[in-house]
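*Asks:* Read off the chains here:
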Amino acid sequence: MSGGIFYEIAKRNVRIHLLRSSLAMLGIIIGVVAIASMGILGNSLVLTVSDSLKTVGDSVIVTPHVGGNTRGFGGGGGSATSLTLSEQDFLQIKRVSAPNVAIPVLQSSDRMQLGVGSDEIVAAVYGLNPDDIPDLLKLKEGGYSRGNSGCIVGSKFADDHNVKVGSRILIGTDGNKGTLRVTGIIEERGMAFDVSTDSAVVATKDWFDAAYNRNDYDKVVVKVKNLDDLPVVKSAIEKQMNKRDTVVDVMDTRKTMDTIFQAFGQITTFVSAIGGISMLVAGVSILNIMMMSVTERIKEIGIMRSIGAQRKEVMAMFLYEAAILGIIGSIIGGVMSLLGGYAISTLMLQNTKYLFVPSSLIHIMYGMTFGITICLICGIYPAWRAANLNPIDALRHE
Amino acid sequence: MSEQPVMVFQDVTKVYPLPAGDVTALDGISFQVERGEFISVMGPSGSGKSTLLNLMGCLDVPTTGDIFISGTRIRDMSDIELTSLRRDRIGFIFQYFNLFPLLNTLENVTFPLMLKSGKKADAERGRQVLRSVQLEESLYSHTPTELSGGQQQRVAVARALINDPDILLCDEPTGNLDSKTGAGIMDLMTELNRKGTTIIMVTHDQGIAEYSKRTIRIADGRIVS
Numbered sequence: 423m424s425g426g427i428f429y430e431i432a433k434r435n436v437r438i439h440l441l442r443s444s445l446a447m448l449g450i451i452i453g454v455v456a457i458a459s460m461g462i463l464g465n466s467l468v469l470t471v472s473d474s475l476k477t478v479g480d481s482v483i484v485t486p487h488v489g490g491n492t493r494g495f496g497g498g499g500g501s502a503t504s505l506t507l508s509e510q511d512f513l514q515i516k517r518v519s520a521p522n523v524a525i526p527v528l529q530s531s532d533r534m535q536l537g538v539g540s541d542e543i544v545a546a547v548y549g550l551n552p553d554d555i556p557d558l559l560k561l562k563e564g565g566y567s568r569g570n571s572g573c574i575v576g577s578k579f580a581d582d583h584n585v586k587v588g589s590r591i592l593i594g595t596d597g598n599k600g601t602l603r604v605t606g607i608i609e610e611r612g613m614a615f616d617v618s619t620d621s622a623v624v625a626t627k628d629w630f631d632a633a634y635n636r637n638d639y640d641k642v643v644v645k646v647k648n649l650d651d652l653p654v655v656k657s658a659i660e661k662q663m664n665k666r667d668t669v670v671d672v673m674d675t676r677k678t679m680d681t682i683f684q685a686f687g688q689i690t691t692f693v694s695a696i697g698g699i700s701m702l703v704a705g706v707s708i709l710n711i712m713m714m715s716v717t718e719r720i721k722e723i724g725i726m727r728s729i730g731a732q733r734k735e736v737m738a739m740f741l742y743e744a745a746i747l748g749i750i751g752s753i754i755g756g757v758m759s760l761l762g763g764y765a766i767s768t769l770m771l772q773n774t775k776y777l778f779v780p781s782s783l784i785h786i787m788y789g790m791t792f793g794i795t796i797c798l799i800c801g802i803y804p805a806w807r808a809a810n811l812n813p814i815d816a817l818r819h820e
Numbered sequence: 013m014s015e016q017p018v019m020v021f022q023d024v025t026k027v028y029p030l031p032a033g034d035v036t037a038l039d040g041i042s043f044q045v046e047r048g049e050f051i052s053v054m055g056p057s058g059s060g061k062s063t064l065l066n067l068m069g070c071l072d073v074p075t076t077g078d079i080f081i082s083g084t085r086i087r088d089m090s091d092i093e094l095t096s097l098r099r100d101r102i103g104f105i106f107q108y109f110n111l112f113p114l115l116n117t118l119e120n121v122t123f124p125l126m127l128k129s130g131k132k133a134d135a136e137r138g139r140q141v142l143r144s145v146q147l148e149e150s151l152y153s154h155t156p157t158e159l160s161g162g163q164q165q166r167v168a169v170a171r172a173l174i175n176d177p178d179i180l181l182c183d184e185p186t187g188n189l190d191s192k193t194g195a196g197i198m199d200l201m202t203e204l205n206r207k208g209t210t211i212i213m214v215t216h217d218q219g220i221a222e223y224s225k226r227t228i229r230i231a232d233g234r235i236v237s
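Chains as they are written, first to last, in our numbering: chain L, 423 to 820; chain V, 13 to 237.
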């Protein structure tokens with residue numbers, strides 16, 4: 423290929439103007455690092471949040487409708503401040519959700535003491551059927567409570583208050599709601615849409631009913647086995663429960679998560695676009711040095727054309743030059759992006775475990791591809807100009 | 013067909029349209045060049061020598077009239093065809109040597125060969141041509157700036173010869189050399205012509221023109237003798 427000699431000339435021209443070429447490449451390096459590091463940071467953010475939410479992405483959560491007609495159904499509430507779901511509501515939800523598991527949830531918050539005479543604290547208290555607890559919560563320590571005197575607690579609750587398996591918790595003011603013995607510590611769940619147990623106490627439904635005089639539910643969580651069924655289950659519940667009036671709100675957690683991730687994705691795109699602006703500036707610098715290169719070599723172009731170089735070959739020579747700047751700049755930028763991504767993840771997320779995952783590394787590829795593409799695009803006009811010089815005028819050029 | 017002229021000009025006119033009015037650089041020029049001839053073209057500044065050289069080198073096309081290079085009419089050729097014709101049929105030698113500063117001697121010489129073949133340089137062919145212009149082998153890896161004017165012009169001659177052109181077009185080939193070096197280059201030209209190369213040389217130097225066998229003199233865009 424005669425392309426070989428034109429590539430060689432382009433390579434030597436980059437080398438002979440090393441300082442100028444390096445400065446142009448520096449722009450590309452900065453652009454690639456900006457795009458890739460921002461992308462890596464955004465992706466790491468998404469993965470971090472996604473990790474803390476992934477346990478709740480398979481649920482449909484049914485709560486009493488807020489802001490509408492406060493009663494009509496069940497038998498629980500009656501006032502705007504005590505919206506609940508009745509046993510009958512729960513059974514209807516359970517029936518339309520079958521074979522998926524519907525878990526009724528009772529929740530409150532109360533004062534409690536960790537031993538007689540100790541300081542009072544306030545924490546969330548959940549009441550769940552003992553049979554449902556393993557479907558919803560996983561333990562990192564101890565066992566599930568079967569009897570009404572036992573409870574399990576969230577890991578943050580346990581850490582914060584130095585609670586261990588076997589500890590006793592007095593619920594209510596001076597323990598007036600009773601005493602529960604801790605049988606297990608729940609695995610950390612992070613932010614959750616169904617039950618947020620990290621700082622909570624989870625007791626049995628029967629104990630909860632007795633302690634708080636309740637016979638209704640605050641929400642029903644439907645764990646959907648096949649994630650594709652989430653919309654079907656959601657609409658089946660809505661259809662069943664909201665026949666006449668809107669009496670329940672039904673939330674598909676996956677959809678909510680999708681919205682969250684979409685927002686994070688937009689943030690990532692936005693910050694990467696800011697990085698892209700620096701790449702455009704680098705592109706202008708490439709355009710500038712390519713124009714200089716053409717202007718300096720007008721006579722050389724004239725000689726080439728006069729002795730038989732075709733326009734496309736002259737054009738290719740300058741595009742090779744732009745590509746060399748782009749490829750070397752992008753490769754250096756790609757390597758530095760890993761370092762930049764590492765630094766930015768360490769500083770902002772205190773965590774680098776999402777740096778070497780494909781969805782993060784792809785941002786380096788995006789940055790490098792953008793860098794090379796920008797260089798080629800910015801090389802097109804100078805190359806076209808060189809190729810279309812009149813050989814006679816070019817030969818006369820001094 | 014082997015006896016057909018390598019170049020024919022038939023009533024060639026070249027007019028440059030300028031804002032101040034058209035300038036007729038060549039006005040009805042007709043001549044032909046037979047294979048193996050050594051012709052010098054002479055004329056004062058502004059007589060149309062450069063325009064004639066551009067037309068002979070297929071760098072430009074006539075306004076009217078016809079030019080044939082080895083029987084090929086160039087008038088209606090596309091830029092790609094004209095470029096290929098320059099590459100395959102014409103060898104150029106310039107006053108200022110015009111070697112590529114980024115390439116060494118051997119690469120400069122084989123450059124047109126690579127353009128023609130589209131392949132990697134045939135270094136042996138390059139060496140062979142460089143030997144024919146009597147350039148020392150030790151200089152083959154040098155860049156043009158490391159060569160003297162005479163050596164550079166020999167490299168330029170070798171580059172012009174590498175594709176076995178039908179015509180060697182020379183523009184003041186000794187204009188930038190001292191008289192002794194210039195004489196060496198002219199001896200080389202004479203030797204090439206003796207071996208069969210057709211040479212057309214534009215010069216304003218009568219002494220150099222005397223190396224040729226025929227002289228075309230132009231003035232005001234016309235052939236005067």
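No wet-lab data here; the hints were simulated from the structure.
The beta-carbon is built from N, C-alpha and C at its ideal position, and this holds for glycine as well.
Treat the hints loosely; a few may be bogus.
Not the full set, but computed from the structure, chain L residues with beta-carbon under 7 Å of chain V [stated by the list, open to error]:
hint	residue
1	Arg434
2	Ser728
3	Ile729
4	Ala731
5	Gln732
6	Gly756
7	Leu811
8	Pro813
List of simulated lysine to aspartate or glutamate pairs, DMTMM-like, C-alpha gap at most 25 Å [unchecked claim]:
hint	chain 1	residue 1	chain 2	residue 2
9	V	Lys131	L	Asp554
10	V	Lys128	V	Asp190
11	L	Lys433	V	Asp176
12	L	Lys734	V	Asp100
13	L	Lys516	V	Asp72
14	V	Lys192	V	Glu149
15	V	Lys128	L	Asp680
16	L	Lys721	L	Glu509
17	L	Lys647	L	Asp680
18	L	Lys734	V	Glu93
19	L	Lys586	L	Asp541
20	V	Lys128	L	Glu430
21	L	Lys734	V	Asp34
22	L	Lys516	V	Glu149
23	L	Lys433	V	Asp190
24	V	Lys132	V	Glu148
25	L	Lys734	V	Asp134
26	L	Lys721	V	Glu149
27	L	Lys721	V	Asp72
28	V	Lys207	V	Glu148
29	L	Lys645	L	Asp815
30	V	Lys128	L	Asp554
31	L	Lys721	V	Asp91
32	L	Lys734	V	Glu184
33	V	Lys131	L	Glu735
34	V	Lys132	L	Glu735
35	L	Lys645	L	Glu735
36	L	Lys721	V	Asp199
37	L	Lys586	L	Asp650
38	L	Lys721	V	Glu184
39	L	Lys734	V	Glu149
40	L	Lys645	L	Asp554
*Asks:* Next step is simple, just say for each hint if it's right about the structure.
*Replies:* Hint check:
1. Arg434: holds, 4 Å
2. Ser728: Status holds, d = 6 Å.
3. Ile729: holds, 5 Å
4. Ala731: holds, 6 Å
5. Gln732: holds, 5 Å
6. Gly756: With a closest approach of 29 Å, the Gly756 (chain L) hint is violated.
7. Leu811: Hint on Leu811 (chain L): violated, closest Cβ of chain V at ~12 Å, above 7 Å.
8. Pro813: OK, holds: Pro813 (chain L) within 7 Å of chain V, min 5 Å.
9. V:Lys131 x L:Asp554: With Cα atoms ~76 Å apart, Lys131 (chain V) and Asp554 (chain L) exceed 25 Å; violated.
10. V:Lys128 x V:Asp190: Violated: Lys128 (chain V) and Asp190 (chain V) sit about 34 Å apart, past 25 Å.
11. L:Lys433 x V:Asp176: Answer violated: Lys433 (chain L) to Asp176 (chain V) is near 29 Å, above 25 Å.
12. L:Lys734 x V:Asp100: Holds, at about 17 Å.
13. L:Lys516 x V:Asp72: Roughly 89 Å separates the two Cα atoms, so the pair is violated.
14. V:Lys192 x V:Glu149: holds, 22 Å
15. V:Lys128 x L:Asp680: Judged against 25 Å, a Cα distance of about 60 Å means the pair is violated.
16. L:Lys721 x L:Glu509: violated, 91 Å
17. L:Lys647 x L:Asp680: The given pair, whose Cα atoms are some 18 Å apart, holds under the 25 Å limit.
18. L:Lys734 x V:Glu93: holds, 13 Å
19. L:Lys586 x L:Asp541: holds, 17 Å
20. V:Lys128 x L:Glu430: Satisfied, since the Cα-Cα distance of roughly 17 Å is no more than 25 Å.
21. L:Lys734 x V:Asp34: With Cα atoms ~33 Å apart, Lys734 (chain L) and Asp34 (chain V) exceed 25 Å; violated.
22. L:Lys516 x V:Glu149: violated, 95 Å
23. L:Lys433 x V:Asp190: It is violated: about 35 Å lies between the C-alpha atoms, which goes past 25 Å.
24. V:Lys132 x V:Glu148: holds, 23 Å
25. L:Lys734 x V:Asp134: holds, 23 Å
26. L:Lys721 x V:Glu149: violated, 28 Å
27. L:Lys721 x V:Asp72: Within the cut-off at roughly 17 Å; holds.
28. V:Lys207 x V:Glu148: holds, 21 Å
29. L:Lys645 x L:Asp815: Outside the cut-off at roughly 78 Å; violated.
30. V:Lys128 x L:Asp554: violated, 82 Å
31. L:Lys721 x V:Asp91: holds, 19 Å
32. L:Lys734 x V:Glu184: violated, 30 Å
33. V:Lys131 x L:Glu735: holds, 14 Å
34. V:Lys132 x L:Glu735: holds, 15 Å
35. L:Lys645 x L:Glu735: violated, 65 Å
36. L:Lys721 x V:Asp199: violated, 28 Å
37. L:Lys586 x L:Asp650: Violated, at about 39 Å.
38. L:Lys721 x V:Glu184: holds, 17 Å
39. L:Lys734 x V:Glu149: Violated - the C-alpha atoms of Glu149 (chain V) and Lys734 (chain L) are around 34 Å apart, more than 25 Å.
40. L:Lys645 x L:Asp554: At roughly 10 Å apart (the allowed maximum being 25 Å), Asp554 (chain L) and Lys645 (chain L) satisfy the hint.
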